[in-house]
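Residue numbers (the working numbering), protein chains in the order written: chain A, 26 to 386; chain B, 76 to 579; chain C, 340 to 701; chain D, 9 to 422.
Among the hints, erroneous ones may be present.
[Unchecked claim] Now the stretches of chain C that chain D is said to cover, found in silico as 3 or more residues with beta-carbon under 8 Å: (1) 397-406; (2) 688-696.
[Unchecked claim] One-sided excerpt, in silico: chain D residues whose CB lies under 7 Å from chain C: (3) Gly164; (4) Asn165; (5) Pro282; (6) Gln284; (7) Gly290; (8) Ala315; (9) Leu328; (10) Arg358; (11) Thr381; (12) Arg384; (13) Glu385; (14) Ser388; (15) Pro408; (16) Ala410; (17) Gly413.
Calculated from the structure, these hints are not laboratory results.
Using N, Cα and C, we set each Cβ at its ideal position, and we do this for glycine too.
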Amino acid sequence: MSRIRSALLPPALAILFAAALCAVALVISGASPLTALGVMIGQVGQGTTAVDIVNSAAIYYIVALAAAIGFQMKLFNIGIEGQYRLAACVAAIVGGLIVLPPVLHTLVIIVVAVLVGAVWAGIPALLKAYRGVSEVISTIMLNAVSLGAIAFLIRPDSFGVLQGNNISTKPIEPSGQFPGLDTGAGTIFGMVVVAVLLGVGYWFLLNRTRFGFELRASGESATAATAGGVNAKRMVIIALVLSGAVAGLAGLPEVLGRDFAYTLTSPQGYGFTGLAVALLGRNHPAGIAFGALLWAFLDKSAIALDNIGVPRDIVLIMQGSVVLSVVVAYEVVRRYELAAEQRRVAAQLRGAPAADKEVVG
Amino acid sequence: MTDYAVELTGITKRFPGVVANSDIHLAVRRGEVHALCGENGAGKSTLMKILYGIQQPDEGTIAVDGAQVRFRSPADAIRAGIGMVHQHFMLADNLTVAENILLGAEAQLGIGAKAKARITELARTVGLNARPDMLVERLGVADRQRVEIVKVLYRGARTIILDEPTAVLVPQEVDDLFATLRGMRAEGFTFLFISHKLDEVRAIADTITVIRRGACVGSADPGAVTSRQLAEMMVGSELPSPETRDSTVTDREVLRVTGLQLAADEGGRSLLADVDLVVHAGEVLGIAGVEGNGQTELVETIMGMRRATDGTITLSGTDITRAGTLARREAGIGYVPEDRTRYGLLATQPLWANRILGHQSRPPVARGGLIDREAARRDTRRIVEEFDVRTPGVDVAAAALSGGNQQKLIVGRELSGDPVLLIASHPTRGVDVGAQAGIWEVLRRARADGLAVLLISADLDELIGLSDTIKVMLRGRLVAAADPATVTPEELGAAMTGADGAAA
Amino acid sequence: GCARDTGTPAAGGDAAGTECARNAAPAAAGGAAAPSAAPIAPNADASALRVGLAFDVGGRGDQSFNDSAYAGLERAVAELGLVQDNTREVAAATGESEDARVSRLRQLATEGFSPVVAVGFAYSESLTTVAAEFPDTQFAIVDSVVDLPNVTSLTFAAEQGSFLVGAAAAMRTTSCQIGFVGGVEVPLIQAFEAGFVQGAKAVAPDVEVDVDYISPAGDFSGFNDPARGTEVARGQLDSGADVVYHAAGGSGQGVFEAVAAATTAEAPKYAIGVDSDQFNTVAAPTNEVIMTSMLKRVDVAVFNFINAVAAGDTSVLPQTFDLSVDGVGYSTTGGGVDDLVADLDAYKAAIINGDITVSSTP
Amino acid sequence: MTTLTRARAGFGTLPGWARSAIVVAVGVGLLAVTATLTGQIQLTSSGTTQAAVRLLLPILFAALGGLWAERAGVINIGLEGMMILGTWGAAWAGYQWGPYAAVVGGLVFGVLGGLLHAVATVSFGVNHIVSGVAITLLGLGVTKYLSTLLFLPVSGNPRQSPRVEGFETFSVQPLADALAAVEAQQRVVLSDVAGLLGGLLSGLTPLVVLGFVLVPASYLLLWRTSFGLRLRSCGENPVAAESLGVQVYLYKYIALIVSGALAGLGGAALTLNPGQLGYLEGQTGGRGYIGLAAMIFGNWRPGGLLAGSALFGYVDGVQLRAGGEAVHALLYGASILAVGLAVLWVLQRRWQTAAIALVAGAAVYAVYFSTETVPREFASYAPQIVTLLVLAVASQRLRPPAAIGMEYRRGEGD
Ligand SMILES: Nc1ncnc2c1ncn2[C@@H]1O[C@H](COP(=O)(O)OP(=O)(O)OP(=O)(O)O)[C@@H](O)[C@H]1O
Ligand SMILES: Nc1ncnc2c1ncn2[C@@H]1O[C@H](COP(=O)(O)OP(=O)(O)OP(=O)(O)O)[C@@H](O)[C@H]1O
Ligand SMILES: [Mg+2]
Ligand SMILES: [Mg+2]
């Protein structure tokens, strides 16, 4: 199938190119690329690395879906970072304060996270729709502000609890936790299932619903979408808010599956990863899943590089160059395909007998 | 030295899907106005872009003043003394008049006072009154065109290509332009002049070359040929006629617009003022007007893409003034936009997805918030067949189709779902004769079935031929009405410019 | 014009007129209170041990507690016969997730390293997990308490050391105004602030202490932004402070540079370093302004821990590395506090005696 | 009515420099009054101005970088990545050959990033933001990797370079001393003005001078030369530019190379910051993005972006030096400003805007009155909050280059 080929060829080329680049960097620094690759692959079988890869991939998948929803409409939600962190923090606070029957408790926490993400994304959405403020700038500013908001919320005299030298929110009772799957070599977060469902939902939303159609239409041509009855302002708001709502979930796998609280040392930086993985996966649910797994593999297996004295940062170069080369590859293939299609259409039509010369009516 | 300022020999240019120029030979004598005629898409602009170095020919050669040249970029052409005023203005709104003119020609006199003085001098010869430091965005079309001409003159061009310079001008402005051209011709300038307005061509040209489907079909002597003969040369057959036969107008009101007002975003200037109109079922209401007089705004306001400042719009008795675009479409308005690539299509999406656009809330392509892809494909196939859209299938991207076929797809889509009103904005612009006739036929049939049509067109023959009633729009107002049975294009033209407010 | 009636003098801080009443140092309570200079336990043979060191963000070369932990390891190599090839260091990355820390510790444990030292409170959760998985491996954690039989918690009474440098600052100031620059407003750093303020007030009850943090909790950029650190310190110096103590990690460099820029022969300004003896780690000539450093002897703790493991008994280790075991203290390199040592040692003795208790919260 | 409209048109028709002068004068006056009434003398001290200058310098360079790229029609969100490359390059060259080499090193490394952005966006037509994100990732990875390879052996720390020698600072004498003397007298308003001005004239380095010179220089180059005209035309209407023989690709490449160079200089400014003379991982801390915001804030114009960077640097300087109380005092200033604007608008009979301003002013004053200080958690991010608020109020007056972010391909215009 040429369609599948055109979807898979660019990322394959890009990965090869990025790998070659890294190999060169490794050789220059006097290390063997093959050994490096070998230990990284070997690391997957070590301890809980495989499970960690799956768990991280689920998180990356969620943030990337959030980014992809924006990308579909050419909106750049750089604010995923702030949205998921604030959402995780508030959800953990709420989850720690209330006590509810098991499933309900978890659901409430999830709903809170979604709402906080949505509300926090609603600010740039409104600013964009009604004041014309670029969402890129406003979300960057809001990322900083969300740091302050978290710090304020987690202060021991607001909702924080001192845990030795760490500050955390009040721990969530078992009733609010999201049970995982114990594999013997680590526990797969229960939220992985939610990530998969989100992917399915995203695919369905995009390809089967009116909203998805309008979203893609707006991204392809804002003017044509408007003429087709799509309300541009409304779409901007919904897309960003939805993106924020999904982003709000990204902190939960760890909060509900492992940490049971939000702490000062809770992870950060997923927002940027989400943008990169969404680009890598070309906003396609299957592509993003692949991108998330690749990213997680690189992140988690890199630990093995320490053992053979290769700087772990080579992985960052790999990640950066794979994203850049994948978008270039997609662009080149896209142009080539469009030209090929135009040629094909022309050729087929020329084949049709004298169609061109005929005057109808 | 030969007599010829420019000679094009055996020029062939292919685009994916079209041969825009095939083996064209064209020789332009020095000091003449050489007109190029041909229907939309015949390949005139492409030929001129090749002469101006914007595009490179696949085959063929160019000679300037007898010497063979190869233009890799417009810079090369400019150096050879060729200038071009484009069909679509090439001006940067946010730059000043002087900046637009000096861009690329700074080497001549710098960008200081000397250059400004020269601009002022040239501006006087073409009747441009704008100050050099005025932003272009504040100029009207005629002035913009003058800026374009000054641009060319400033570069010392001796051979000047004018691609449809009169399309956007009112008759007086055309007269002014022609006066300028004649004066310059006397000074030895050579012009390549493209226009669809055959009377104008006969008035100004010394030689006429007719292009059809990318090929040169012959020359004509402007003194001897009639407009009708010329037109038939262009089309290659009897001219199809946009004539509608018997009236099908009913007394059932479909669209009523009352006291419509629209203010510009920045406030102040009014784009539409006191527009009142009624379209009945089975009626085609034509709106005539020089481009930029509010037709686009009127259509977009009726479609809900702009919010009326005041006034009401009712569709079959229901007030839709506050409704959104989609609600209006659902209520039965179909819309063929004037710029199909920007407003009508999703270029990289397949045809069936384009079928959904504007219908995303309605059967057969959607149901209960969900999209039914199979139904969309099926219904697209129906359109392809019914409207003779030439395509290998419904899964190809819209961008792969030629303009005429894209337009037929749009018309087919907009007539799906039983609309009661069709707003057709320049429905045959840039469409080949075959498709044009097809679209006219479709409109006629729909009208006979009781559809109300609001038709905007710059093609006065089309307007007169199709309409049951014609209104003339000038500076945002409907200033006159005309009976298509009796009115002539000339009278209409006079009314459009405000020269004669009392047309019929 | 009319002179303003509000505000303190701006730049310059020539506040010779400011009277700063000072209390006398507590009477030295006899030799008994002198810190146990003797080692906590006699040196054991560590040649059979394989030691893993998991650094916190920053890793080796941070000129702070990671480096200090490494110094402890090196001392064990030198004095306990630990074989260099039997040691392994791994470092954390910024903003990483819990599982990364778990993997790192597990990796060390799996490869048979024991003891494994986790440097930094960020490891508390991960160590709890991993230590339970490897009951036969000995672990230690710096700056945090993990209650498991095979984990030794190496915590420090940073507030006690900070008390002493606070006292030194109050003795040194001529403007009766001193400053504290915290990197990130987390409890760990607040303990430094608390001790510093108490020490200063103990010496000079009227001393004004400017307390500023570079970033709030959760935004760890404050440990890594010398450009902003320098502005915070300059703000304090410009408003009249003449001794500035930092607990700001990498941003501390900015504090030193600010003090170095502000100091003049007529109106000298002083900086106080943190964690390690920063007079030695900061490049000259900037280090000349460092009058002392609050020492947090992670090296002592790590060395003693390795020694205790080698000897087979970790119970001899103190609950907290405080003044009494030289777990915290102040440095004298550079001679910046030579004239104050007697008084400072009196305070030190009083703390060890229990005459003065230092709170770890502001 | 007519006189009033004339008054309104009067300000609008004043030459740009006069308008800027009025705005600056009003700003200085407002700060002086606020400082006097609230007693927060740090608001107008020369130390604060100097801090603002040091803090704004990297942002200013980044903003200039954004200006060059975006005026040629290319969005450059990769500024952060280019700046990271710049910090590394500056440190690497700087520790070996001194501060001037550091400037060159930062510039060269920034250029590499700019070139990459040009290849991706101009030659390959990749979406500008996508390419920018990728370049930032790459910049981070490359510098970390290179640091491990090259800095670790000499500094003992993979995250940090050895110390780089900084520039000597200098002051414009005797003016600086005279102003310092006036400032020290603590006279109402006079000392405030002297403080604000004095800070600008002392503690200078060649890099600071370069930064401030580059603002008018960019203006002259971009608006007063044919080169600049061609470059800007690529951002306004590349098709038209091409039709006039402008080599659009070439100019976009040049613009991005300059943009990268400027971002790299921003990196060098961080490396040569007196607080830490050297490279430190994560040192840029998002300043590239803030530069971009300052440029948008400044309406894609050199003077405007200087104002944007200055606002950011000033607010950051104030909050770092004097904390929540000073930010709190700024609230007081903001309420005075709002009331002032309301009065102005009432005179112009713009009732609605005036009412909004008045209500906003009252609200801000209420916050000021009912609180003692701004919590540190929010004071720390005051610069971002202020930027966001100003954009929310003013962004509709902004005018980006018309063809910004659009893919342009040779020979495809009509
Ligand atoms: N980046 C990618 N990585 C892996 N597979 C992909 C990627 N992009 C597309 N695919 C595969 O190629 C197929 C076609 O993708 P595309 O997005 O064009 O499909 P579509 O038109 O949305 O149809 P549908 O989503 O209904 O399958 C998908 O079904 C998917 O399996
Ligand atoms: N860049 C291009 N890519 C593909 N096809 C093109 C391109 N430019 C022109 N064409 C096609 O070439 C043909 C000739 O177009 P051209 O613009 O030369 O016609 P024209 O005679 O100037 O028509 P009009 O009167 O509408 O201006 C048309 O079918 C058009 O769609
Ligand atoms: Mg799909
Ligand atoms: Mg044409």
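Violations among the numbered hints:
Result: hints 2, 8, 10, 11, 15, 16 and 17 break, sorted rising.
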